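Residue numbers (numbering that gives the first Met the number 0), protein chains in the order written: chain G, 0 to 314; chain P, 0 to 314; chain C, 0 to 314.
Calculated from the structure, these hints are not laboratory results.
Just so you know, these numbers come straight off a predicted model, no measurement behind them.
All C-beta atoms in this analysis are idealised placements derived from N, C-alpha and C, irrespective of residue type, glycine included.
There's no promise every hint is true.
Here are the simulated lysine to aspartate or glutamate pairs, EDC-like style, with alpha carbons at most 16 Å apart [claimed, not checked]: (1) Lys128/C to Asp286/P; (2) Lys34/P to Asp288/G; (3) Lys131/G to Asp80/G; (4) Lys131/G to Asp286/C; (5) Lys245/P to Asp116/P; (6) Lys161/G to Asp228/G; (7) Lys71/P to Glu72/C; (8) Lys131/P to Asp31/G; (9) Lys128/P to Asp80/G; (10) Lys71/G to Asp70/C; (11) Lys34/C to Asp31/P; (12) Lys71/G to Glu72/C; (13) Lys128/G to Asp286/C; (14) Lys71/P to Glu159/G; (15) Lys71/P to Asp31/C; (16) Lys204/G to Glu251/G; (17) Lys71/C to Asp70/P; (18) Lys131/C to Asp286/P; (19) Lys71/C to Glu72/P; (20) Lys71/C to Asp70/G; (21) Lys245/C to Asp286/C; (22) Lys71/G to Glu72/P; (23) Lys34/G to Asp31/C.
Stretch-level coverage of chain P by chain G, calculated; a stretch enters the list once three of its residues show a Cβ under 8 Å from a Cβ in chain G [stated by the list, open to error]: (24) 61-67; (25) 84-95; (26) 136-144; (27) 151-160.
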Amino acid sequence: MKLFSSVHDVTNIGELVAEGLQLKQSPYAFQDLGKNKTIGLVFLNPSLRTRLSTQKAALNLGMNVIVLNMDKEGWALELQDGAIMNGSTVEHIKEAAAVMGQYADIIGIRSFPGLKDRDEDYSESIFNKFVKYCGVPVVSLESATRHPLQSLADLITIEELKTKPRPKVVLTWAPHVKPLPQAVPNSFAEWMCKADVDFVIAHPKGYELNADFTEGATITNNQDEALKDADFIYVKNWSAYEPYGKVLPGNEDWMLTLDKLQPTNHAKVMHCLPVRRNVELSDEILDSDSSVVIHEAGNRVWAAQAVLKQMLQTL
Amino acid sequence: MKLFSSVHDVTNIGELVAEGLQLKQSPYAFQDLGKNKTIGLVFLNPSLRTRLSTQKAALNLGMNVIVLNMDKEGWALELQDGAIMNGSTVEHIKEAAAVMGQYADIIGIRSFPGLKDRDEDYSESIFNKFVKYCGVPVVSLESATRHPLQSLADLITIEELKTKPRPKVVLTWAPHVKPLPQAVPNSFAEWMCKADVDFVIAHPKGYELNADFTEGATITNNQDEALKDADFIYVKNWSAYEPYGKVLPGNEDWMLTLDKLQPTNHAKVMHCLPVRRNVELSDEILDSDSSVVIHEAGNRVWAAQAVLKQMLQTL
Amino acid sequence: MKLFSSVHDVTNIGELVAEGLQLKQSPYAFQDLGKNKTIGLVFLNPSLRTRLSTQKAALNLGMNVIVLNMDKEGWALELQDGAIMNGSTVEHIKEAAAVMGQYADIIGIRSFPGLKDRDEDYSESIFNKFVKYCGVPVVSLESATRHPLQSLADLITIEELKTKPRPKVVLTWAPHVKPLPQAVPNSFAEWMCKADVDFVIAHPKGYELNADFTEGATITNNQDEALKDADFIYVKNWSAYEPYGKVLPGNEDWMLTLDKLQPTNHAKVMHCLPVRRNVELSDEILDSDSSVVIHEAGNRVWAAQAVLKQMLQTL
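Let's have the full structure, built from the sequences with the hints guiding it.
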């Protein structure tokens with residue numbers, strides 16, 4: 000694998016999930032693969048799980064890890080082609096990416112969307128320029144419109160915990176106090192649409208996701224109906240796609256509470272974290288056995304390790 | 000050892016000190032112990048000595064190290080149980096701690112006190128919640144009321160440099176320009192009270208420490224008297240316990256100067272650092288052979304390494 | 000080697016360049032040398048290339064790496080001898096340096112000039128105090144007036160890419176929007192003056208460098224004339240030495256553009272990066288085969304590795 004930016008970069012999803020679960024059993028079995036190989040993790044935004052789990056995955060594989068907080072430790076990046084750089088940006092992404100490619104065998108990069116200009120965000124210009132100019136394999140640590148390592152960890156978690164061959168998985172919108180990217184729901188949706196699950200998306204009117212990511216999913220505005228017989232509930236807020244990046248008024252009753260789990264099939268509740276307690280999800284769920292969010296976060300290691308292993312094998 | 004938060008977590012202090020001194024002789028003797036084990040060092044506040052010495056200790060033991068500046072690289076933490084998280088905090092400590100426990104075999108955490116609410120600080124709520132929720136062994140990198148790795152390094156230093164079986168050790172308050180935590184003096188006091196030393200605390204009226212930490216110590220407001228025949232002088236500022244977190248006017252003459260060493264027994268001068276030169280301690284002392292502050296800082300490695308070794312042995 | 004602060008610390012420049020080029024062929028040949036040795040990289044300023052390439056070099060040599068962003072993760076440093084530290088500085092450089100020397104076998108430090116007080120900057124007081132007090136070998140990661148790892152990488156690049164025994168190398172001033180240090184041009188000049196090249200410096204009137212660094216160079220204010228038959232063009236902005244740290248009005252036409260390469264000998268264009276596109280250098284050059292800036296940045300690893308190898312051999 001030379002690029003891991005979306006589900007479309009994966010030739011065999013089932014194999015990748017199985018690889019993750021095998022690595023969970025034998026975390027240190029492939030340390031020769033990473034010997035003298037370096038991963039550079041570049042953050043343009045904050046990160047907890049991705050930062051730690053990807054480091055851990057790389058260390059498990061015997062790699063060296065170099066972390067760069069580009070915004071704080073490096074230089075302000077210019078992203079526009081042809082820019083006359085007489086303002087506040089110090090280094091063009093062309094040079095920054097190419098230089099980092101000189102020092103790393105694999106690069107991971109996180110770049111959130113601005114949520115101002117939809118075309119700009121959905122063109123993935125920062126991520127794609129990085130891929131174009133760095134010259135080495137790149138793994139997305141969450142880009143403007145996708146978070147594939149999260150989605151792979153989610154699928155690993157479902158595969159691990161499911162109690163029937165084809166579980167019902169419901170992605171349900173949740174309230175939040177500020178506009179969040181669509182990266183996690185987009186990404187979760189496109190992975191679920193390719194997985195062997197019965198996939199339903201529930202959200203209030205106005206929160207329709209870009210249809211490119213949801214082809215094959217059942218979509219409803221009725222949360223109660225969606226949750227019925229659910230095996231897994233994936234709770235997540237996102238801002239509107241149209242008007243782009245906006246929070247629509249109302250919908251506080253979409254917070255997932257314990258009583259909403261009644262009609263489900265003892266559903267396991269998932270969330271990518273960080274979660275706003277008692278806004279997106281109630282304390283009573285997060286503190287109950289229904290929640291698998293910590294287990295899910297733990298699986299981030301095996302998702303990252305499966306991807307890095309496949310990348311190392313092509314170096 | 001599963002927890003290192005205070006002297007009360009240590010079953011045999013003498014043995015731990017001896018272990019530190021042995022590791023100083025053979026730093027790399029136990030690298031198999033740490034192989035494929037990861038320590039996560041979580042900083043909610045600045046750190047120089049603790050940051051570097053604990054990394055060095057872990058590397059000496061063959062461990063992997065992941066550092067997280069929670070305040071700058073991660074998310075703003077919510078600490079209140081039951082909070083409706085519709086404000087500026089992004090992640091609850093319950094999730095943050097539990098997630099980090101998924102990625103690390105041992106966690107070190109630094110969390111300073113707010114110095115506003117004494118009950119809050121002395122309940123060690125941040126540190127204790129972290130311990131409660133992370134699910135792996137935790138070592139304090141300085142909490143609201145204690146700094147046990149510092150105290151252990153101090154005791155190692157005294158053991159190493161003492162010229163008589165039971166030296167006189169004086170903790171003397173020093174002036175400062177801003178209110179500092181009581182963590183270092185609390186911790187030093189409770190370790191000295193359990194060590195085989197003649198322990199005296201000298202401070203101006205109004206700077207009485209919480210009595211829980213000083214049981215068995217001789218306490219005086221007369222610095223001259225305290226310093227007489229001292230073998231070790233531990234210089235440290237702290238703010239008042241009552242009124243909590245305040246700096247009381249005056250007392251500038253408590254700065255330790257060279258002439259005050261005259262009546263001592265060629266006392267060695269200690270300080271945990273950072274030190275405000277010519278406010279807490281005069282240049283002439285810090286630049287003289289009486290000062291052992293750098294040697295003491297060097298011993299931070301062996302203190303951390305002794306603790307981590309004992310933790311690794313229980314994994 | 001115990002100190003790498005300038006070309007004057009190198010006994011045999013040709014040998015050091017050759018060592019860098021050999022390490023490029025066999026990056027992992029000396030991993031025993033760095034086993035259980037730790038480098039501490041201390042940054043008082045931002046860094047991308049130096050930060051990553053020096054880490055990579057140390058890892059290639061089998062070393063442990065500890066990075067400290069002193070300004071953000073540690074304490075505000077006091078630099079004045081004899082200061083009464085009752086202001087905002089928390090730790091004196093005497094202690095900070097000495098303490099870091101306790102935890103590292105080699106220290107690298109970056110400290111930019113203030114560009115306010117020429118005597119202060121040119122005395123290299125921060126860097127020199129660090130060297131004086133830390134007690135271990137020190138490598139400059141760019142100081143107030145020099146950037147020797149960059150210059151060594153530049154010379155390695157020239158040696159690698161030259162097509163004649165004694166190439167013509169031209170350092171040409173370039174426009175910029177803010178005052179930059181003289182460290183890179185000073186350093187490049189003093190290395191080139193000792194190398195087997197025909198070295199020319201071109202700059203507008205008023206941008207004369209300190210003569211200590213340029214002895215033996217041909218200096219001109221005529222860029223066209225300088226570039227004639229050039230084999231390598233090193234583009235760099237710097238602020239005036241007199242009046243110190245100022246940007247003089249005009250000179251925008253000193254930007255290097257493709258047409259200016261016509262009279263050269265197919266010159267290769269170098270720059271230490273970061274570069275202000277279309278201010279210092281035009282897009283058309285940076286995006287053409289004439290530019291070797293990425294290759295040059297890649298060579299930063301081998302420069303650092305050659306220096307660290309020589310330092311490790313003297314430990």
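To see whether the hints hold, each was checked on the structure:
1. Lys128/C to Asp286/P: Answer holds: Lys128/C to Asp286/P is near 14 Å, not above 16 Å.
2. Lys34/P to Asp288/G: With Cα atoms ~33 Å apart, Lys34/P and Asp288/G exceed 16 Å; violated.
3. Lys131/G to Asp80/G: holds (13 Å)
4. Lys131/G to Asp286/C: The hint holds at about 13 Å.
5. Lys245/P to Asp116/P: holds (12 Å)
6. Lys161/G to Asp228/G: This hinted pair holds, its Cα atoms lying about 13 Å apart.
7. Lys71/P to Glu72/C: holds (9 Å)
8. Lys131/P to Asp31/G: Violated. Lys131/P to Asp31/G sits at ~36 Å, over the 16 Å cutoff.
9. Lys128/P to Asp80/G: Violated - the C-alpha atoms of Asp80/G and Lys128/P are around 49 Å apart, more than 16 Å.
10. Lys71/G to Asp70/C: Within the cut-off at roughly 11 Å; holds.
11. Lys34/C to Asp31/P: With a Cα-Cα distance of about 15 Å, the restraint between Lys34/C and Asp31/P holds, given a limit of 16 Å.
12. Lys71/G to Glu72/C: holds (11 Å)
13. Lys128/G to Asp286/C: The given pair, whose Cα atoms are some 14 Å apart, holds under the 16 Å limit.
14. Lys71/P to Glu159/G: Answer violated: Lys71/P to Glu159/G is near 34 Å, above 16 Å.
15. Lys71/P to Asp31/C: Violated. Lys71/P to Asp31/C sits at ~36 Å, over the 16 Å cutoff.
16. Lys204/G to Glu251/G: Holds, because 13 Å separates the two Cα atoms, which is no more than 16 Å.
17. Lys71/C to Asp70/P: holds (11 Å)
18. Lys131/C to Asp286/P: It holds: about 13 Å lies between the C-alpha atoms, which stays within 16 Å.
19. Lys71/C to Glu72/P: holds (11 Å)
20. Lys71/C to Asp70/G: Holds, at about 13 Å.
21. Lys245/C to Asp286/C: violated (31 Å)
22. Lys71/G to Glu72/P: With a Cα-Cα distance of about 9 Å, the restraint between Lys71/G and Glu72/P holds, given a limit of 16 Å.
23. Lys34/G to Asp31/C: Answer holds: Lys34/G to Asp31/C is near 15 Å, not above 16 Å.
24. 61-67: holds (count 3)
25. 84-95: holds (count 9)
26. 136-144: Since three or more residues must qualify, the claim that chain G covers the stretch 136-144 of chain P is violated, with 0 doing so at under 8 Å.
27. 151-160: violated (count 0)
Comparing the model with each numbered hint stated earlier shows that hints 2, 8, 9, 14, 15, 21, 26 and 27 do not hold.
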